[in-house]
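Chain F is already provided as a structure; the job is to place chain X on it using the hints.
Going down the list, the sequences are from chains F and X. Heads up: the first sequence begins at 1 in the working numbering, then just goes up one per residue. Heads up: the second sequence begins at 1 in the working numbering, then just goes up one per residue.
By construction, these hints were calculated from the structure, which means they are not laboratory data. By construction, the Cβ of each residue, glycine as well, lies at the ideal position given by its N, Cα and C atoms. This list has only true hints and no planted wrong ones.
To list a few chain X residues with every Cβ distance to chain F over 12 Å, as calculated:
(1) 49
(2) 82
(3) 109
(4) 150
(5) 199
Simulated crosslink set (DMTMM-like; lysine to aspartate or glutamate; CA at most 20 Å straight-line):
(6) F:88 <-> F:126
(7) F:311 <-> X:250
(8) X:259 <-> F:206
(9) F:54 <-> F:14
(10) X:196 <-> X:69
(11) F:263 <-> X:239
(12) F:166 <-> F:58
(13) F:185 <-> X:149
(14) F:147 <-> X:215
(15) F:88 <-> F:125
(16) X:259 <-> F:284
(17) F:319 <-> X:247
(18) F:147 <-> X:92
(19) F:217 <-> X:35
(20) F:281 <-> F:206
(21) F:311 <-> X:247
(22) X:29 <-> F:292
(23) F:147 <-> X:124
(24) X:29 <-> X:19
(25) X:29 <-> X:87
(26) F:311 <-> F:226
(27) X:57 <-> X:2
(28) F:249 <-> X:162
(29) F:185 <-> X:113
(30) X:196 <-> X:67
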Amino acid sequence: MDEILVLVEHRNGELRDITFEMLTMANRLGRENNLAVTCLFLGHEASDLSERLKGACDTILLMQDPELANYNADPYLMAMETVIKRCKPVLTLIGHTAVGMDLAPAIATRLSLPLLTDCVEVNLEEGRLEVLRQIYGGKINARFSMKPSDQYLISVRTGSFESKVKQGKSANVETVHAPAWTTLKGRRFLGYLEAELEDVDIAAADILVSIGRGIGKPENIPLAQDFADSIGATLACSRPVADEEWLPKSRQVGTSGKTVRPKLYIALGISGAYQHQVGMKNADTIIAVNTDPRAPIFNVADYGIVADLLKVLPLLTDKFVKK
Amino acid sequence: MDIVVCVRQVPEVADAELEINKEGTEILKEDLVMDINECDNYAVEEAVRIKEAHGGKITVITLGDEDCEDVLRTALAMGADEAIRIDEQGFELSDAAGIAKGLYRAIRDLSFDLLLTGAQSSDDGWGQVGLILAESLGLPYASLAVGIEIAEGKTIVHRELESNTREKVEIPLPAVLTVQTGINNPRYPSIMGIQKVRKIEIKETDSEELGLSEEDIGPMGSSVASQRLSLPAVGEGAEILTGSLGEICEQTAQIIRNKGVI
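Extracted from the complex, chain F is given alone in its bound form (with noise of 0.2 Å):
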């Protein structure tokens, strides 16, 4: 039977979330398809971790070796090399993530499959591969269809299939040895680095005021800011901001940054692009200020402005200043 191959996502021995999402998709187009599930487990002295995706696939590999105590490029190719070359699958699916984004490129290059980055539906019909992918910032779909060919190599984006640990499956565990190590380039992991030291936690604030690139320049931040302090609510950014320094990375809200799940938040000139989303769409209530009527916020928001913030602002703070 083919199959369909998921290389399984963990970190310091936890599995990430994306591993059971692309399994959820990888289950539909098994089922439709006829084609087995595969987790491909890289680790090292990980057997109790793999035992978890036992009820979401039909096959464990479990490949374990010193060099794959943490994640490395360097021997990751090799090892999927070596599957891939042996179990053919139709498709392999890995997570778009720091680790996904680290690797497809190359294991596509190294074994010349057509490769589709960064995919957020994706589906399979008597050998047709179409998927949906969101270009420019999320403001545009953009739907692919692929030339036929044996083999695709896909990376899933994080957050677009349910996450679950229970599909009606019990896999069987097959141990598959690890290569000879002959090909390595030399990188070597050398360990993760703590965050920095923060000056306040957004994840623990009620209200947030979220500034992103409309803020325009450092010079705006204060009027951000003093409606902010007029109800009470905690200054975040979205990613550009961050990045230009205008305000610390603790700050940040998004895949790179923090996580929030605040009762009010705040949105002004965010476009939305889904790494921010990802970081709040779980507020309890989101208002969202910004000029493009299509900008992506407004998908996940409660409210909507359509308006230049820095007009807003000052009106806004008034309301609260006064009384």
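Only chain X this time, still in chain F's reference frame:
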């Protein structure tokens, strides 16, 4: 420390309302401002900083039409020494692998210690070119660099992971790194600075000179059969407040009060 940096020109879309052409294959770019891809700008700045600390030469390379010379000029004004442009003709509708083929052919004969690209482009966001180049060149690599230290014969790279976490990896040189935004604070070249580099000749090449045929690049070389663009449904979630700005702000203040968090 010789460094090659791949850059790309993209439309700025953060504050723009986008439209799609009739065929549904491309966005309309006439009214959009073109600029260097954001990550690539950080990559150029990082290269200049490394050169300032360790000496060496920087070559910037792009694949695009004549207008893309602007991006190369800006990079030269920031501190790059040489520039190469691969003409876009024949590369239209290439997938990431097709674009990487052009860059690979132009780069493979250059001598360098470090090859930098942006982690991904802000338009189609494949995030593939840097790593395809690394694998094609047979070099070690690391993606999503938010910190680069150069040591004897190697580099220590801080990679950005999820949830405000980083990892530290060591890689022997020569190597390929893809650069993430926020790694530094890119300088703005002055108009004077751009004037000064006007006379630097930009080397030009094209698919034919690089020995690439129709089967290698463009639609024939791509693994994509077709792509169809559409605008996502608007404001599915949000109730858009209407009225004068004053009325809207009054409604907003009410909503904030009603949520009972103040």
